[in-house]
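Turn these sequences into a full structure, and let the hints steer you where they fit.
Here is how the chains run, residue by residue.
Number of protein chains: 2
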Amino acid sequence: MTTVTQPDEATAAVTTWLGQFGEALAANDPARAAALFTEDSFWRDLIAFTWNIRTFEGRDEITRMLGATLSRVQPGGWKITAGGEPAEAGGVTEAWIDFETSVGRGKGQLRLRDGQCWTLLTTLYELKGYEEPNGPRRPMGAEHGANPDRTSWQENRDQEAASLGVTQQPYVLIVGGGQAGIGLAARLRQLSVPTIVIDKRARPGDQWRSRYRSLCLHDPVWYDHMPYLKFPDNWPVFSPKDKIADWLESYTRIMELNYWPSTEAKSASYNETTGEWTVTVEREGQPVVLRPRQLVLATGMSGKPNVPSFPGMETFRGDQHHSSAHPGPDAYRGQRCVVVGSNNSAFDICGALWETGADVTMVQRSSTHISRSASLMEIALGALYSEEAVAAGMTTEKADLTFASVPYRIMHIFQIPVYEQMRERDKDFYERLEKAGFDHDWGDDNSGLFMKYLRRGSGYYIDVGAADLVANGDVKLVRGQVDHLTETGVVLEDGTELPADLVVYATGYNSMNGWAADLISPEVADKVGKCWGLGSGTTKDPGPWEGEERNMWKPTQQEALWFHGGNLHQSRHYSLYLALQLKAREAGLPAPVYGLQEVHHRS
Amino acid sequence: MTTVTQPDEATAAVTTWLGQFGEALAANDPARAAALFTEDSFWRDLIAFTWNIRTFEGRDEITRMLGATLSRVQPGGWKITAGGEPAEAGGVTEAWIDFETSVGRGKGQLRLRDGQCWTLLTTLYELKGYEEPNGPRRPMGAEHGANPDRTSWQENRDQEAASLGVTQQPYVLIVGGGQAGIGLAARLRQLSVPTIVIDKRARPGDQWRSRYRSLCLHDPVWYDHMPYLKFPDNWPVFSPKDKIADWLESYTRIMELNYWPSTEAKSASYNETTGEWTVTVEREGQPVVLRPRQLVLATGMSGKPNVPSFPGMETFRGDQHHSSAHPGPDAYRGQRCVVVGSNNSAFDICGALWETGADVTMVQRSSTHISRSASLMEIALGALYSEEAVAAGMTTEKADLTFASVPYRIMHIFQIPVYEQMRERDKDFYERLEKAGFDHDWGDDNSGLFMKYLRRGSGYYIDVGAADLVANGDVKLVRGQVDHLTETGVVLEDGTELPADLVVYATGYNSMNGWAADLISPEVADKVGKCWGLGSGTTKDPGPWEGEERNMWKPTQQEALWFHGGNLHQSRHYSLYLALQLKAREAGLPAPVYGLQEVHHRS
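Order-wise, the sequence lines are chains E and B. Using our numbering, the letters of the first sequence correspond one by one to residues 1 to 603. Using our numbering, the letters of the second sequence correspond one by one to residues 1001 to 1603.
Please note that a few of the clues may not be correct.
[Claimed, not checked] Taking lysine-lysine and the DSBU-like style, the derived pairs with C-alpha atoms no more than 30 angstroms apart in a straight line are:
# : chain 1 : residue 1 : chain 2 : residue 2
1 : B       : Lys1476   : E       : Lys398
2 : B       : Lys1398   : E       : Lys230
3 : E       : Lys435    : E       : Lys540
4 : E       : Lys266    : E       : Lys527
5 : B       : Lys1230   : E       : Lys230
6 : B       : Lys1230   : E       : Lys128
No lab work stands behind these hints: they were computed from the structure.
The structure is reproduced here in structure tokens:
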């Protein structure tokens, strides 16, 4: 077996480019640096240059950004990551790179075309002087030697739990103790930022336990790891809800989080002068006032139910509730159930009701995209998040960065062929659905599920079986708009009457800034504007183009207010950058924000 | 950067040897196979050939073993492990190898000298048809499709918890829910062997929580991983007792174990005719009779306190207890404390008492070896279990197998130089100890701490600070034997009187077969004989030579009775082989034991 690896053209090209780029930056010459990029280039920065999450498009935007940041950032040490050899394919040379700034260390990804940079990703992963205590820097645990003033680990934990929020104020308060909140809290613990997580439910994991019986994660295990503690190799592909709940409960303990269960945030206001929040919470029935410097809402990207208001709802004599409040199917055996909506929750609930022996009708109000779970795993996620990817040496961290390296502006171009493949692969499935009268779409530009998720956070179903029930008529399908309810059922605009004992409104969720309206004020909610969405100008994602998810994981128009969430992958990946932004402020490092987003939509 | 790897002499030598070995075995020719070994060779087998844990020394023993096992085992497919390239150093060529048997797949390690095998390790890691459901075989979790009879993960878990031990009998009962018991139970769960773990304490982890306040593990994190779920990178080097307790509690849940807390085994008897144990346990105060086919005692290798019997103990008016019952120092501030013993527990307790402000005297009755923790980590464990080892690509599994590949008969030869180095490195420390009158030894043959642990499980202290208290006189040291106690103190044989408010008997532990005496009968305890010890003929490890730890992790003279335990490393590593032995029996695979050990010592 003979292996010869030699410095090849790809490495030479990257080395040359990095040399020129490093020199231009060191010379504090933005125009010279920008000239190394293609006309149609993208530079995505995750807090390394901008203390913001921004993508810059073309030389002019890059020049302006560098002009404003370069003298402070003082980037240097650009080099190819050890073990991340450059490779060329289809005229594009890719490379993993390392660099430093005046305050931290960064990783990046580079794509060259004809010797010029087409896409550049720069990310900060640690702050100098505030490196996380892991691996070679892990704590000793035992304090060796003899010390009459010794306190034990448990005593220290008890002491912290007793004082934080009582005699000592947390620097960060995280509202919401689901996977997003606790993953962020784990990172902040590593960075020694005093943090409390509150959640209204009785136990960590109850966010999942309280959902319907048959729920399993729709994303596979490789996509779902939490920071620091990976699921073991025997973890199921799709976590059952109670199993992930138990995991998250263990996680809060293993990560030594200050987690306040049965605690609800009642009101919050920010004092611009003192830079302090006043947050009134009810902890196990008792009011407590917390005064954190930073407030993070991690109450769920899809957390605020959009409950519709149909005439006659007040007269309906059966059960009716939003999908988020659906107790599961057990009480509805043999009953007539109408589910309004045709996305993920609607399908899941229809499937579970049918399994229990209910008579189920789905009301489809607008077109929906469906990807079959197995196809999604194989052709959309497989290269980055799968057993095969792991076997080929792909780590979760590298997969996350690879995904992050594709600019949102052109991501659909990479997605469209995936769904063309899916359409071919599952041809019979889609034909059967169509025959059953289902209004199926592939997204405005045929870019499929993930772009819908990124643009609007809705409009799709990851099929784990319930689509077949619709296709074969086991779950009845009706298309149209709800006009009103009567005492005994739902009436559509075309006059169709659907008698019902149960009506479920699987009508989706509103923007996270609705949480800010409730907790802080409508004024602050309007000031920060809508969360989520790229401004793509596609359905339910109006422009102007933003280039990044609105308000997520980055500074907002309200000082010291942050939004955190997304799916497990996003929560894991972006929690690092949010944690570093919070740490920089706690440590008093200058972290001026470049290009703070403007607000174009209020909700 | 140019790397050239070519088939070298080491690879050629191993390939040649494996070819000849494989042919001799395939030809069912034990003598021809044995002739490929050196005169002074060792073949250590972990259940692959013998369904036993045995080391064979020299060609005759190897020939006899092969003669008895070869036609059944049908080994084949001998090859160098991918990525485990052979290497030569000092005339010894080492290689990692794979092979198969008629029932399973194995891994091994080989050392050649002049083209002949000097040491061979063969281990079985999985049974064909009973591969563990992990990695590419992990469970789906979600059951896709629509199924009216669907039960959820939680319902299945609840149903199992309600029926196992009530309407369905466990195949295996594990007595003792510390790290050893639950690690084994986790493996049995993966192998679908119905198992219950019982423990008398209220919560998993209480085995650690109940110990004295300042206790931390004496072994470092890299040595301590549990099966399947590794400690995260931010885990401390030395786990504080409450932190490891929380981890173990989470572990039982994450691994979905059937763990009965607050449950004590009261009596057990085996029916040789039906092959069934009758075990009466008290579960939360209620008697329950269990009828497992296999009984595992995992109550602690050092679990049965050796409480001495000194004249006058009944008249002593202060507190007195065995070290295992020591409540910690808090009640003894300012009091006169006498600790009888000079090993690990004695030092830990003396240190904590001194820190609390007690007046402490250690009674040293016999010589003790002390290794400083940092030195032990660096020069004894570092190559296999350390951050540096991890960085160099060493995995826990590979480290365990590497350690397992050194035959016990010659292990001291590798250990002696380590302690020569330690003696030099910590010269000042040992001189100060000696000056203080401490009776220090390096083991009968200067082979140090680990050989003492393997031979007798006692006689040493891993210094985390308390040795200095003895060296500098903060903890008073007295040498001699206890003659009797008075109402007010301890009197030594030389007449020395030690006034005391507290006497702690840090007098060690008895063999695990004492547990069998209590639970089953003295007859069965005598029948299986002493646990632990190699028969080295050194202090407290009388011959004849056994070559393996007596009765540990392998069949005993009592059918269906097993002993499991050791430190975290051993519990992790050997739990695999014990689990496979139990699985083979549960699955009805023929698993004839070759070379069942004889009993030479009863306790």
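Here's how the hints hold up against the structure:
1. B:Lys1476 x E:Lys398: violated (57 angstroms)
2. B:Lys1398 x E:Lys230: holds (20 angstroms)
3. E:Lys435 x E:Lys540: Given pair E:Lys435, E:Lys540 holds - Cα atoms ~27 angstroms apart, limit 30 angstroms.
4. E:Lys266 x E:Lys527: holds (20 angstroms)
5. B:Lys1230 x E:Lys230: Holds, at about 9 angstroms.
6. B:Lys1230 x E:Lys128: OK: B:Lys1230 and E:Lys128 at ~28 angstroms, within 30 angstroms.
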